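Participant: The task is simple: from the sequences and hints, build the whole structure.
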Amino acid sequence: MTTDPLDEAVAVLLGDVGAYPTEWLIDWLIAHPDRAEELARFLTAERSVAGWAAPLRDLLAYDEGLTAAYPSQGEAHGVSVPGYTIEGELGRGGMGVVYAAVQVAAGRPVALKTIRTGAFASPRDAALFRLEAATAAALDHPNIVPVYEVGEHGGVLYFSMKRFASTLAQRLRRGPLAAEEVARLGAVVARAVHHAHRLRVVHRDLKPGNILLDEVGEPHVADFGLARRLDASTGLTVSGTVTGTAEYMAPEQARGERQPTEAIDVYGLGGILYAGLTGRPPFRGPNPLDTMAQVQFAPVRPPREVRPDVPADLERICLRCLAKDPADRYPSAEAVAEDLDRFLRGEALGDRPAVFDRLWKVLTRPPHVPGLATLPALWWMTGLDFARHAGVFLLGWYGAAVGWVWLLFLAMALGCTAILWRSHVASPRALVTRAEFASLTFAAGSLVGQVLLLVAATLSLPGALASPTAEVIPRLYPGLAVAIGLAIFAHGVTHWGAFYLAGVGVMLLALPLSLLPAWSPLILGTVTIFLVVTLGGALNRQVARMRAAAHTPESP
Amino acid sequence: MHERHALDGLEEHRAYLVLVARLLLPPRLRSSCDPEDLAQQTLLEACRTPPAVPPEGLRAYLRRALRNNVLDALKRGGKAAPAAVEAERSSARLEDWLAAEDTSPSDRAAREERLARLATALARLTEAQRMAVELKHLRGHSVAEIAALLGRTEAAVGGLLRHGIRALRDLLGEPE
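Line by line, the protein sequences give chains H and F.
Heads up, the first sequence is in the numbering used here, so the first residue is 1422 and it goes up one at a time.
Heads up, the second sequence is in the numbering used here, so the first residue is 185 and it goes up one at a time.
No lab work stands behind these hints: they were computed from the structure.
Remember, it's a predicted structure, so these values are computed and weren't measured experimentally.
A virtual CB, placed ideally from N, CA and C, is assigned to each residue, including glycine.
Worth double-checking, as some hints may not be accurate.
A short, non-exhaustive set of chain F residues, derived as facing chain H with CB atoms under 8 Å [said to hold, decoys possible]:
id: 1; residue: L255
id: 2; residue: A293
id: 3; residue: R346
id: 4; residue: L352
id: 5; residue: R353
For each label pair, taking beta carbons as the anchor points, the in silico distance ranges come out as [said to hold, decoys possible]:
id: 6; chain 1: F; residue 1: A236; chain 2: H; residue 2: R1728; range: 54 to 60 Å
id: 7; chain 1: H; residue 1: G1706; chain 2: F; residue 2: N252; range: 42 to 48 Å
id: 8; chain 1: H; residue 1: A1959; chain 2: F; residue 2: A332; range: 51 to 57 Å
id: 9; chain 1: F; residue 1: A332; chain 2: H; residue 2: R1701; range: 57 to 63 Å
id: 10; chain 1: F; residue 1: T310; chain 2: H; residue 2: R1701; range: 38 to 44 Å
id: 11; chain 1: H; residue 1: R1737; chain 2: F; residue 2: A276; range: 50 to 56 Å
id: 12; chain 1: F; residue 1: L355; chain 2: H; residue 2: A1452; range: 27 to 33 Å
id: 13; chain 1: F; residue 1: A332; chain 2: H; residue 2: A1859; range: 49 to 55 Å
id: 14; chain 1: F; residue 1: E311; chain 2: H; residue 2: R1737; range: 55 to 61 Å
One side only, chain H facing chain F, incomplete, derived with CB under 10 Å [stated by the list, open to error]:
id: 15; residue: L1427
id: 16; residue: E1429
id: 17; residue: A1432
id: 18; residue: V1433
id: 19; residue: A1466
id: 20; residue: V1470
id: 21; residue: W1473
id: 22; residue: A1474
id: 23; residue: E1601
id: 24; residue: W1940
Facilitator: What follows is the structure, encoded as structure tokens:
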């Protein structure tokens, strides 16, 4: 009998209290896109049932001291590690159980992390765990939780680390922190993360739950559980079995990109600052699928909207860390620390990136739309557009009256409306994304402008509608080039930086067009159709490449 | 015969009592002390000696009678002291919650009602589904632990939870 993938997903998603293994979920969604809706419905139902059960569950929560009597907790794992006395359970993470223990020889309290399934863990889990321990142990920094010992006993892998009083997440349950406190704590954490980055270790799961606080409230970064060495020489691809929390996940992680980058941690620092200032994560949806969508597409609510007394500069630092596009974030964790220090000293924040640097980034950044869904409609509309320009050219050549140009424009507008109706209103996949909606809005706005230009150009002629077409062309076409160029330019915001260049190019056409009036309809028509074909095609190819790169596991 | 007849009036409370008994009994003792038996015993006693119904209602009376029966059973069975202590504490918390100081009598009744609705809905699930959902949502066990307790694979537990939760959601509607 085969297992329903949905059952498997439920087992994994409900496996850990409070945390969904989001990377696993992304893989699952890619493999079973047709079941996504059913899963989302289930997760909502689960929340509802949990809401009914919650008061009873809290009610019956057993006393700490009694849990040891339960065979299903603690003892059932048969956890006994030589040299340690286990005192109780501290928590459960994506990969294991953390116990409060005492290292007998050193007589010091420790947090003892073990692989939850003990001897039953797959070799892959075991390798990941050892790598995690080795990675964390290699980091020596006063604000990174020190690892004391790594070992294996009776099929159970474990490592012991310093035990702390509480986590930032626990502290934040009592409410947000003072702005200066957030900045100070953020700067310390950012420097610790930067230290790891210099050793080519990326944390990838920074969140308040991973920031441990000692007795004086000093933060220590823990659980480099997802950290992976940047150099791929370890050859261990672990996509799929790691856990992240969707609420603090970077947009590129939510999209399923596997590349560990420092930019992910810069985003994570932003999440910690945001939580410190507001007491809540940047995004929180009713279920992880929803949260992941918000992380990718929704603008973050500025901290000052949540708490008006947050200083503007601190908000700016936080929001720059949380930028959707990694290119818009701080270039390093250290840069975050420096700006936080400037804020604490009351100085102006560091300079924004140089203008040309920013411009270059804007022009070269990858497309931010899932392809041109409206491409077929676009081909038809471009064809119609070219036919219009060719028509104007012929009317000019044969000396027809301007009235015929009006008819041409009217026919073109009607034709475009018919195409849009067919492809977007009558078909089921109507206007899928905001980007496509924006694209059509730009086109419609441009068309209105073009008609108004024609009206204005005609009115300025002595013979009005009866004047020869050749006379209206020089008054009309430079303006048309600007109207069309602007619409293309606007796609730079919604689709791809390359459209900025194309738009400026078309607007610049206004100059040669006014010098070559007779040929201008053909020139503009040809340039437009050329740009749409080349840019539209290039955009779709680029998106397909990105998708392929995101969906195949990390290449060796 | 008259016993059977008298039970009818109390029958609607059976699912509720079974749930409370299950909540009071630590899972590992359920095989020796059957929650169904304890609920049945409590209902039978109630119709043999019809109770003077306390002001907070018949359910509260039955719940307390049940608690005594659970504790007696644990003591009679010579179970380890911690089990009885646990059951007693669970019971005390349940009473505290239902009669919390900040609640009005109508809130208290609403809580009772909620508990009863949950009990009735749970009783309609298959045995395996009910156990999976209870262990997960009332006792807070992980899927791996439930799989071990029920002797099934984790995916099978996922299936039980999926169908159980869907059915419960349909039976319960939105949480208040």
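Participant: With a cut-off of 10 Å on the beta carbons, see whether H/A1432 makes it to chain F.
Facilitator: Interface hint status for H/A1432: holds (3 Å vs cutoff 10 Å).
Participant: Is the hint on H/A1474 kept, meaning its closest Cβ partner in chain F is under 10 Å away?
Facilitator: holds, 4 Å
Participant: Double-check H/V1470 for me: the hint is only fine if its C-beta lies closer than 10 Å to a C-beta in chain F.
Facilitator: holds, 5 Å
Participant: State, for the Cβ atoms of H/G1706 and F/N252, whether the hinted interval 42 to 48 Å holds or is violated.
Facilitator: holds, 46 Å
Participant: Confirm or reject the claim that F/L355 and H/A1452 have a C-beta distance inside 27 to 33 Å.
Facilitator: Once the Cβ atoms are compared, 32 Å apart, the range 27 to 33 Å for H/A1452 and F/L355 holds.
Participant: Can you let me know if the beta-carbon spacing of H/R1737 and F/A276 is within 50 to 56 Å?
Facilitator: The hinted range 50 to 56 Å holds for H/R1737 and F/A276, with Cβ atoms some 53 Å apart.
Participant: Take the shortest C-beta to C-beta distance between F/R346 and chain H; is it under 8 Å?
Facilitator: holds, 5 Å
Participant: May I ask you to test the interface hint for H/E1601 with respect to chain F, counting a Cβ-Cβ separation under 10 Å as satisfied?
Facilitator: violated, 37 Å
Participant: A range of 57 to 63 Å was offered for this pair. Does it hold for the Cβ distance of F/A332 and H/R1701?
Facilitator: violated, 36 Å
Participant: Taking the least C-beta to C-beta distance, is H/W1473 closer than 10 Å to chain F?
Facilitator: holds, 5 Å
Participant: Assuming the hint says 38 to 44 Å, is it satisfied by the Cβ distance from F/T310 to H/R1701 or not?
Facilitator: Holds, at about 39 Å.
Participant: Grab the minimum C-beta distance from F/L352 to chain H and call the hint holds if it beats 8 Å, violated otherwise.
Facilitator: holds, 5 Å
Checked against the numbered hints given earlier, this structure breaks hints 1, 2, 9, 23 and 24; the rest are met.
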